[in-house]
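Chemist: Same order as they appear, the protein sequences are chains C and P.
Residue numbers for the first sequence follow the working numbering, beginning at 1 and rising by one.
Residue numbers for the second sequence follow the working numbering, beginning at 1 and rising by one.
Simulated from the structure, these hints should not be mistaken for laboratory data.
These numbers come from a predicted model, not from an experiment.
Straight-line alpha carbon distances no greater than 27 Å define the calculated DSS-like cross-link-like pairs of lysine-lysine that follow:
{"no.": "1", "chain 1": "P", "residue 1": "K70", "chain 2": "C", "residue 2": "K42"}
{"no.": "2", "chain 1": "C", "residue 1": "K42", "chain 2": "P", "residue 2": "K56"}
{"no.": "3", "chain 1": "C", "residue 1": "K42", "chain 2": "P", "residue 2": "K69"}
{"no.": "4", "chain 1": "P", "residue 1": "K26", "chain 2": "C", "residue 2": "K57"}
{"no.": "5", "chain 1": "C", "residue 1": "K57", "chain 2": "C", "residue 2": "K96"}
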Amino acid sequence: EPEVTQTPSHQVTQMGQEVILRCVPISNHLYFYWYRQILGQKVEFLVSFYNNEISEKSEIFDDQFSVERPDGSNFTLKIRSTKLEDSAMYFCASSKGTSGSQETQYFGPGTRLLVL
Amino acid sequence: SQQGEEDPQALSIQEGENATMNCSYKTSINNLQWYRQNSGRGLVHLILIRSNEREKHSGRLRVTLDTSKKSSSLLITASRAADTASYFCATDVGDTGKLIFGQGTTLQVKP
Numbered sequence: 001e002p003e004v005t006q007t008p009s010h011q012v013t014q015m016g017q018e019v020i021l022r023c024v025p026i027s028n029h030l031y032f033y034w035y036r037q038i039l040g041q042k043v044e045f046l047v048s049f050y051n052n053e054i055s056e057k058s059e060i061f062d063d064q065f066s067v068e069r070p071d072g073s074n075f076t077l078k079i080r081s082t083k084l085e086d087s088a089m090y091f092c093a094s095s096k097g098t099s100g101s102q103e104t105q106y107f108g109p110g111t112r113l114l115v116l
Numbered sequence: 001s002q003q004g005e006e007d008p009q010a011l012s013i014q015e016g017e018n019a020t021m022n023c024s025y026k027t028s029i030n031n032l033q034w035y036r037q038n039s040g041r042g043l044v045h046l047i048l049i050r051s052n053e054r055e056k057h058s059g060r061l062r063v064t065l066d067t068s069k070k071s072s073s074l075l076i077t078a079s080r081a082a083d084t085a086s087y088f089c090a091t092d093v094g095d096t097g098k099l100i101f102g103q104g105t106t107l108q109v110k111p
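Next comes chain P alone, as it looks inside the complex (with noise of 0.2 Å):
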């Protein structure tokens, strides 16, 4: 497997409904940033958690992380058709700052 696996692939729910996306890695790492992707555009940050943290909250995300088993999720409540994106997970594994980005997941929110 790849530094920076997502899961699953792609997800369509319901406006209102909870969204959950999974990224495992296999390196230590200093942090794991999670960033959004509207179709053809730029990347935008969401949120970053430290390699020492657990879980940090920002709005409607929660992203914890459990590097006993290398992985972390991405969790949007409540749902918007507006969230429609693809989400990334992304590495720091060094010390220059380069992120490993995984596959991404396709997210559609369905009005």
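Just chain C, with the same shape it has in the complex (with noise of 0.2 Å):
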């Protein structure tokens, strides 16, 4: 069965420092999700993604995040300069809709930033 899958597993990062979340969405998805569970809390929306470009944004998704799909396959998460409240698990999501909602949206294993 297809998956998501996300890279790396664990990043660990200096204050301040750029990083890339990486996701490969599941082929056939039209719809791309970016989610945060900060440890111990419950798992907050960050942006939605389709057609190239971003549909809906929360207010944690501020100039510091940006989000990209280089190619046909890969979508990626850039936090230009970490904070140490970005310290989270942070999912991908796809769903296949062509509408964005009323799909089931499919998650991937996180990736768990710490930043130091």
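Combine the two chains into a complex, taking the hints into account.
Modeler: Given below as structure tokens:
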């Protein structure tokens, strides 16, 4: 069964450094998402992406964050200058739907980011 | 209260018993999805129920949706130790697929 994959599984970085988290969504999916989960807290929506542009973003997704689909398979989340509070598990998800909603979202295994 | 509140926060049962988890939400939804998360791991999709559906089954899982009460429940029948995990409801409220997650219910099934 097709899966969403994410790399790396773990990343440790120094505060102020740039990080790029990578995701390979399921191949025939059209909508892509990033969520994060701070340890012990609930999963929070960051951004949705469709047709090579952001369709919705949360208040968390400020100018330090960007997303890109550089080729036909990868979907990346870049944090330009990491802060301690960016430490979290970051999940990529994708869905098949033509409208974004009403579709099951399939999540990757996550990247655990630790900012020191 | 927040969109996607779950009850109880923690549940401990014996293997073989049924487990029921509840989710309440505030706004109109397109659908409601239930996910499972083993400790520190990824989110596994369990079931999606649309706003015009009242009940869905998948194996040992039964999900109900009451849009008049803005609530959903997840029933796991004949629980197993391997069902030990956190269970989250997530509501799809807009037109971009954005999911709003609840705080989750931590289920422990004792062998």
